[in-house]
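Asker: Here is how the chains run, residue by residue.
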Amino acid sequence: MKDIPGRYRRLLLLRSFLVQGSWNYEALIGTGFAFVLLPVLRHLYRDDPDAYHAAVQRHCEVFNSHPYFATLAAGAVARLEAEGAAPEVITRLKVAIRSSLGSLGDQLFWLAWRPMSALLAILLLLLGLPWWLAVCAFLLCYNALHLWMRVWGLRLGLENGMGLGRVVRKAPLNRWAQWMASAGMILAGVCTALVVRQSGPEPTAMAVAALAAAAGAWLGLRVRKAAYTVLLLVWTVGVFLSFIS
Amino acid sequence: MIPEPALFLLLVVLGGWVGIDSTSAGQLMISRPVVAATVGGWMFGDPATGALVGLILEALNLTVLPVGAARYPESGPGALATGAVLASGPAPPSALLAGVLFALSWASVAGVSIRKLREFNVRLMSLPAAGPELPLQLQRRHFAAIGLDYLRGALLVAVALPLLALLLEITYARWALDPRFSHLVLWSAAAAGIAATVRLFGARRFPLFLAGVCGGILSLLLR
Chain S
3 MKDIPGRYRR LLLLRSFLVQ GSWNYEALIG TGFAFVLLPV LRHLYRDDPD
53 AYHAAVQRHC EVFNSHPYFA TLAAGAVARL EAEGAAPEVI TRLKVAIRSS
103 LGSLGDQLFW LAWRPMSALL AILLLLLGLP WWLAVCAFLL CYNALHLWMR
153 VWGLRLGLEN GMGLGRVVRK APLNRWAQWM ASAGMILAGV CTALVVRQSG
203 PEPTAMAVAA LAAAAGAWLG LRVRKAAYTV LLLVWTVGVF LSFIS
Chain D
199 MIPEPALFLL LVVLGGWVGI DSTSAGQLMI SRPVVAATVG GWMFGDPATG
249 ALVGLILEAL NLTVLPVGAA RYPESGPGAL ATGAVLASGP APPSALLAGV
299 LFALSWASVA GVSIRKLREF NVRLMSLPAA GPELPLQLQR RHFAAIGLDY
349 LRGALLVAVA LPLLALLLEI TYARWALDPR FSHLVLWSAA AAGIAATVRL
399 FGARRFPLFL AGVCGGILSL LLR
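Listed in order, the protein sequences are those of chains S and D. Going by my numbering, the first residue of the first sequence is number 3, and it counts up by one from there. Going by my numbering, the first residue of the second sequence is number 199, and it counts up by one from there.
Here are some of the chain S residues that sit facing chain D, going by a computed Cβ distance under 8 Å:
#1 Ser24
#2 Leu127
#3 Trp133
#4 Phe140
#5 Gly191
#6 Ser247
If you're looking for bench data, these hints aren't it; they were derived computationally from the structure. Just so you know, these numbers come straight off a predicted model, no measurement behind them. C-beta: ideal position from N, C-alpha, C; glycine also.
Work the whole structure out from these sequences, hints included.
Answerer: Structure representation (structure tokens):
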């Protein structure tokens with residue numbers, strides 16, 4: 003197996019931050035994935051330009067992954083390329099992991115960690131703490147896991163190559179997602195109570211806000227559209243009334 | 199209400215960064231409304247107003263999921279512009295309501311711009327066949343795509359600033375509703391947005407939500 007020096011591993015990590023730069027509806031993050039691998043491929047195939055160009059073209063094919071989990075795939079693919087694995091084997095690995103890396107990342111980050119971190123920031127603001135504390139807490143909290151995931155993923159991929167699936171299945175990522183969702187739910191409850199109180203001191207105002215919260219819980223993902231409609235209606239009425247009063 | 203040229207330029211430059219942070223580069227979450235709006239407000243010397251706008255917008259964006267090829271609104275550039283413009287002048291509840299409304303509308307416009315960019319990227323990333331040109335073209339075009347995304351974000355902020363200023367002029371001149379009503383509507387919308395995460399985290403965890411509500415009420419009683 004050819005060696006992948008530290009410099010190229012660092013480049014894999016740094017370039018992973020740009021993996022979605024050329025996201026498109028045909029290759030998804032495929033071209034970005036090839037971009038991430040470019041320095042490593044150039045190093046591994048430095049004595050065989052034709053093999054290098056063929057490898058680059060191979061990796062421009064359609065591929066998808068959660069952006070923070072792209073390093074898992076990049077590390078594993080880099081290792082297989084270093085081992086001289088056949089192109090079909092590498093393609094099989096990419097096909098096998100792409101949907102699971104996507105859904106794992108979505109569950110962990112978009113459905114749990116990000117909303118939980120955002121609710122933490124909202125809570126700190128509602129408690130009257132300084133704005134910079136809330137913003138920094140959100141960014142530090144969120145990016146601590148984000149950055150760790152990229153580094154961990156790259157190391158795991160480089161160490162395990164073809165055995166990546168087995169190792170990822172053993173990792174407690176689902177358990178973490180469940181814990182985060184539970185913590186997020188508690189934070190959501192606390193924030194809801196504080197926001198309802200914020201709506202005004204009168205019991206009527208708080209009752210209206212509490213009803214709105216109940217409607218939001220029922221609406222779920224449609225809440226944004228509903229809130230927009232209400233805000234637009236109120237603004238239109240607010241401006242229109244001035245013409246007739 | 200439209201910032202002076204230096205601040206305008208700074209906001210536009212920051213808008214580009216906010217634009218690429220949402221997908222193309224980093225995803226460090228500086229494009230989230232609670233960050234972008236606060237930073238916009240801070241640039242105008244009133245981060246508290248920016249943070250207030252950011253809080254409400256964040257509450258309404260908690261359930262937006264950028265999964266795969268899904269079409270979703272992009273809230274960063276609008277939040278930055280709204281936090282900045284509202285911090286630059288008086289921000290009664292009517293102005294906050296107009297600002298939040300604008301930011302939500304602009305997020306949909308930004309979402310369309312992302313789709314258009316992704317469609318353009320299909321053509322941009324039509325690469326030559328395997329050969330000496332391929333790696334260089336891949337790298338150049340990948341960076342070009344990021345550059346275009348940056349310009350997209352910057353343009354969104356540049357156009358948002360005067361549009362929002364115009365909307366606020368109309369609102370200041372023509373508002374006929376009691377400010378307490380505007381205040382109530384805004385915070386009710388925020389409450390709805392936050393409670394909607396019950397669906398996100400899983401309805402079977404609803405007892406935890408109720409526990410949180412009790413905790414929140416307790417904290418209010420203890421103040």
